[in-house]
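Q: Protein sequences appear in the order of chains A, B, C and D.
Going by the numbering used here, the first residue of the first sequence is number 25, and it counts up by one from there.
Going by the numbering used here, the first residue of the second sequence is number 25, and it counts up by one from there.
Going by the numbering used here, the first residue of the third sequence is number 25, and it counts up by one from there.
Going by the numbering used here, the first residue of the fourth sequence is number 25, and it counts up by one from there.
Since the hints were derived computationally from the structure, they do not count as laboratory data.
All figures in this text were calculated on a predicted structure; none of them were measured in a lab.
Among the clues, some could well be false.
Remember, identical chains collapse to one label, so a pair may be satisfied in a single copy or spanning two.
The list that follows gives simulated cross-link-like pairs (lysine-lysine, DSS-like), each with its CA atoms no further than 25 Å apart [what the hints assert, rightly or not]:
id, residue 1, residue 2
1, K63, K240
2, K89, K240
3, K52, K89
4, K189, K141
5, K52, K86
6, K52, K141
7, K63, K52
Take a look at the letters that make up each chain.
Number of protein chains: 4
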Amino acid sequence: MVKTNLQLRLQKPMIIVNFKTYRESTGKNAIEIANEAEKVHKETNILVGVAPQVADIAAVAKAVKIPVFAQHIDPMDPGSFTGHVLAESVREAGAVGTLINHSERQLKLSDICQIVKLARENHLVSCVCANNPNTSMAAATLDPDMIAIEPPELIGTGIPVSKAKPEVVTDSIRLVRQVNSKVTILCGAGISSGEDVAAALRLGTQGVLVASGVVKAKDPYAIMREFADASKPYVSQEKP
Amino acid sequence: MVKTNLQLRLQKPMIIVNFKTYRESTGKNAIEIANEAEKVHKETNILVGVAPQVADIAAVAKAVKIPVFAQHIDPMDPGSFTGHVLAESVREAGAVGTLINHSERQLKLSDICQIVKLARENHLVSCVCANNPNTSMAAATLDPDMIAIEPPELIGTGIPVSKAKPEVVTDSIRLVRQVNSKVTILCGAGISSGEDVAAALRLGTQGVLVASGVVKAKDPYAIMREFADASKPYVSQEKP
Amino acid sequence: MVKTNLQLRLQKPMIIVNFKTYRESTGKNAIEIANEAEKVHKETNILVGVAPQVADIAAVAKAVKIPVFAQHIDPMDPGSFTGHVLAESVREAGAVGTLINHSERQLKLSDICQIVKLARENHLVSCVCANNPNTSMAAATLDPDMIAIEPPELIGTGIPVSKAKPEVVTDSIRLVRQVNSKVTILCGAGISSGEDVAAALRLGTQGVLVASGVVKAKDPYAIMREFADASKPYVSQEKP
Amino acid sequence: MVKTNLQLRLQKPMIIVNFKTYRESTGKNAIEIANEAEKVHKETNILVGVAPQVADIAAVAKAVKIPVFAQHIDPMDPGSFTGHVLAESVREAGAVGTLINHSERQLKLSDICQIVKLARENHLVSCVCANNPNTSMAAATLDPDMIAIEPPELIGTGIPVSKAKPEVVTDSIRLVRQVNSKVTILCGAGISSGEDVAAALRLGTQGVLVASGVVKAKDPYAIMREFADASKPYVSQEKP
Numbered sequence: 025m026v027k028t029n030l031q032l033r034l035q036k037p038m039i040i041v042n043f044k045t046y047r048e049s050t051g052k053n054a055i056e057i058a059n060e061a062e063k064v065h066k067e068t069n070i071l072v073g074v075a076p077q078v079a080d081i082a083a084v085a086k087a088v089k090i091p092v093f094a095q096h097i098d099p100m101d102p103g104s105f106t107g108h109v110l111a112e113s114v115r116e117a118g119a120v121g122t123l124i125n126h127s128e129r130q131l132k133l134s135d136i137c138q139i140v141k142l143a144r145e146n147h148l149v150s151c152v153c154a155n156n157p158n159t160s161m162a163a164a165t166l167d168p169d170m171i172a173i174e175p176p177e178l179i180g181t182g183i184p185v186s187k188a189k190p191e192v193v194t195d196s197i198r199l200v201r202q203v204n205s206k207v208t209i210l211c212g213a214g215i216s217s218g219e220d221v222a223a224a225l226r227l228g229t230q231g232v233l234v235a236s237g238v239v240k241a242k243d244p245y246a247i248m249r250e251f252a253d254a255s256k257p258y259v260s261q262e263k264p
Numbered sequence: 025m026v027k028t029n030l031q032l033r034l035q036k037p038m039i040i041v042n043f044k045t046y047r048e049s050t051g052k053n054a055i056e057i058a059n060e061a062e063k064v065h066k067e068t069n070i071l072v073g074v075a076p077q078v079a080d081i082a083a084v085a086k087a088v089k090i091p092v093f094a095q096h097i098d099p100m101d102p103g104s105f106t107g108h109v110l111a112e113s114v115r116e117a118g119a120v121g122t123l124i125n126h127s128e129r130q131l132k133l134s135d136i137c138q139i140v141k142l143a144r145e146n147h148l149v150s151c152v153c154a155n156n157p158n159t160s161m162a163a164a165t166l167d168p169d170m171i172a173i174e175p176p177e178l179i180g181t182g183i184p185v186s187k188a189k190p191e192v193v194t195d196s197i198r199l200v201r202q203v204n205s206k207v208t209i210l211c212g213a214g215i216s217s218g219e220d221v222a223a224a225l226r227l228g229t230q231g232v233l234v235a236s237g238v239v240k241a242k243d244p245y246a247i248m249r250e251f252a253d254a255s256k257p258y259v260s261q262e263k264p
Numbered sequence: 025m026v027k028t029n030l031q032l033r034l035q036k037p038m039i040i041v042n043f044k045t046y047r048e049s050t051g052k053n054a055i056e057i058a059n060e061a062e063k064v065h066k067e068t069n070i071l072v073g074v075a076p077q078v079a080d081i082a083a084v085a086k087a088v089k090i091p092v093f094a095q096h097i098d099p100m101d102p103g104s105f106t107g108h109v110l111a112e113s114v115r116e117a118g119a120v121g122t123l124i125n126h127s128e129r130q131l132k133l134s135d136i137c138q139i140v141k142l143a144r145e146n147h148l149v150s151c152v153c154a155n156n157p158n159t160s161m162a163a164a165t166l167d168p169d170m171i172a173i174e175p176p177e178l179i180g181t182g183i184p185v186s187k188a189k190p191e192v193v194t195d196s197i198r199l200v201r202q203v204n205s206k207v208t209i210l211c212g213a214g215i216s217s218g219e220d221v222a223a224a225l226r227l228g229t230q231g232v233l234v235a236s237g238v239v240k241a242k243d244p245y246a247i248m249r250e251f252a253d254a255s256k257p258y259v260s261q262e263k264p
Numbered sequence: 025m026v027k028t029n030l031q032l033r034l035q036k037p038m039i040i041v042n043f044k045t046y047r048e049s050t051g052k053n054a055i056e057i058a059n060e061a062e063k064v065h066k067e068t069n070i071l072v073g074v075a076p077q078v079a080d081i082a083a084v085a086k087a088v089k090i091p092v093f094a095q096h097i098d099p100m101d102p103g104s105f106t107g108h109v110l111a112e113s114v115r116e117a118g119a120v121g122t123l124i125n126h127s128e129r130q131l132k133l134s135d136i137c138q139i140v141k142l143a144r145e146n147h148l149v150s151c152v153c154a155n156n157p158n159t160s161m162a163a164a165t166l167d168p169d170m171i172a173i174e175p176p177e178l179i180g181t182g183i184p185v186s187k188a189k190p191e192v193v194t195d196s197i198r199l200v201r202q203v204n205s206k207v208t209i210l211c212g213a214g215i216s217s218g219e220d221v222a223a224a225l226r227l228g229t230q231g232v233l234v235a236s237g238v239v240k241a242k243d244p245y246a247i248m249r250e251f252a253d254a255s256k257p258y259v260s261q262e263k264p
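Excised from the complex, chain A in its bound form:
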């Protein structure tokens, strides 16, 4: 079962399911979808990670062995910061990584830089979200483990960026690779079918960041399974 950072970084393609703050993925529902994600992982050997709300991390991390991500952490070291989210606290609750700068929780440039650093110090995989090719390149210079490209205008639409704006994906990959050869590149926004996943991987990404397409689906298990099956042809042959 994958859980170390090293393995997580290497096993591609990957599917990360952002639970956002949907009712369908809060509390008990979060555990249920996480269990289904783990089932898909076991059946397909495709890496499926989940990003529940902070209050749900501990219970989800206890329930499953697939990677659990926080949706956000704050740029602070321990101290007097009431109401903020420490890297330490999500790590101790069981998260192995964190989303950073999601378009619904955007951050100052200096804070992104600081959070990537804090994530590294706390052995959390860092996944910086970016809204366009330029900001993807900027984010890549900060040396996170992953970049997730998500044009916010497509989030939740069911229109996948890989189809609606393939040039956003290819431009992002091109610019990111100019400054960072190692970072894993995910693509998100609007992904709702296996074909959308395949389209993203064909364009050269190493995985997808999905949310409503899974969480709001009638059968989250079935759609995650469809995503994983569509990813299989893109599994790298190289030995980790």
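Since chain A is already given, all that's left is putting chains B, C and D on it; use the hints.
A: This is chains B, C and D only, laid out in the frame that chain A set:
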């Protein structure tokens, strides 16, 4: 053991311990201090509540039966709000209330209004923090369950507002009572001894919001016990 | 010509035109609309104020003698605050007042409190915007010169709050008057005809805060004149 | 006299004086310092630019022919954005450029990206401030005209980064040049003598961003003159 909102509202004086994001009160440490707080409550019958970080709420709420507060919730209903803290999520994790607008996590006026409403709808006790008599009065018009007066310049200093600026406390009580006869009034910032607690209660508050004075103490249990003992003479005779 | 705070406070009803950041009211266009507003004031003796962008305050204040408001100031005293808007700077540029907490530029509660105080110290009329009856009441406790009630969901719609949600206006007036007998109460959002203005005044407000209804109109002069004419029956007989 | 973007970009080294929100550089005082800056420019032919508060841009731009910068603009196109600062508005008031992301007015990554784009569309020179080598590199990928490196812990200290942390400057230059060969690199924070300016230029920067060292000086003219004289040996021989 007190845990319903009604009881929580009635049992005064009360001591709420804000765990902030101190290392000493993160993860396992959070559970330890919460256990000690519960011990003090059992020994003295003074209400002691704890406000751990969001990632620690579930574990703390499982470990103790004293009231657990979130340090912050966001003004959103369930939806697409990656990285935000839902009232639902902290409630389901076991919180019975939430701090709102702490000086280290200040909020827009309209968001405070919305969060007080969301807290009520989600059966969470709302405790709005305010930095001076004017903002305390403004907060009181929004009809939260509690107001906590904390002059930010005294937070963490060990200089209690009840001694350094007693007029801040008495002015706040006077202004708050002009617009709200029911709200519970706490006072915070700089409280580090039983005498500080007694001074706050003598001035007319119904409890204290404390943080470093407890969490950073060599013996958090001992200082919470001192706070509780100092509160005993102020227990109301009225039957809840 | 009215320009002192005292007169400004007394002369009711009043019309304040928020220029927002419309192209139609930026730079030279700002001066043009301000001139037309002044013309309406001269013709009708109804107080018409204008709130141009910060960069346009100096030129507008030089061009007209009607009251010029800033759209926002920051809660800072002079110091190291690059990119912020000082009360002193807008005052020296010619503003006699400022909007505060407009729904498009919302502020933390403690900052609203501080800005009202700074406005008073700098002899600027303070007009705090609020989005509902509860926040209107909260704002009124901070003792600004004016409150402007603007339900954000109606802004720019052409559907006036005075018609669509008259109870928002009457509830706001009732709650505000419980805590503040002096503050001038304006109402905004969706006002686009003289009848809308009259409806607002009939409900008990002392004026209107308008924006797109004037600035985006084919003939801003004509619509401001219509607003002023509709206000005339509500001119108080009391001698200032 | 220099005022076109092209010339501004080419004429190096340059000195930009950030007026911040000091009382000594607000309103009439802003014009006075700007006049002195222009005098220094005329005497030395070293480019000296000024960055007054938004409310002062129009008056300063009318008084002097040296380049005037805004301290901040917002990432919006014209529209309903009360209280925000349009690129159009500062341009029309006479600014030829703008600071972006100053450490006292930090911005989200996507907003920096958008503002650089808006600045270009509005023919404003863009100068993105960054707090360390990593964020300087990230900022450089967004293709602004200038980067200003300012470690915030040194701002206002009188301890120049060029002396206290020369490796911050050299690391920044190295990383920036990996992704952007054209951007002008300034350095700021703590610069208060001609020797500090010379040290910054020796390290390979093309100019300095200064504030309190000039504005709070007893004789701003004298210190700007000292800065300009210290810059002379570094004037490039290449024909613009």
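Q: Just pull the numbers of the violated hints for me, sorted ascending.
A: As far as the earlier hints go, not one is violated by this structure.
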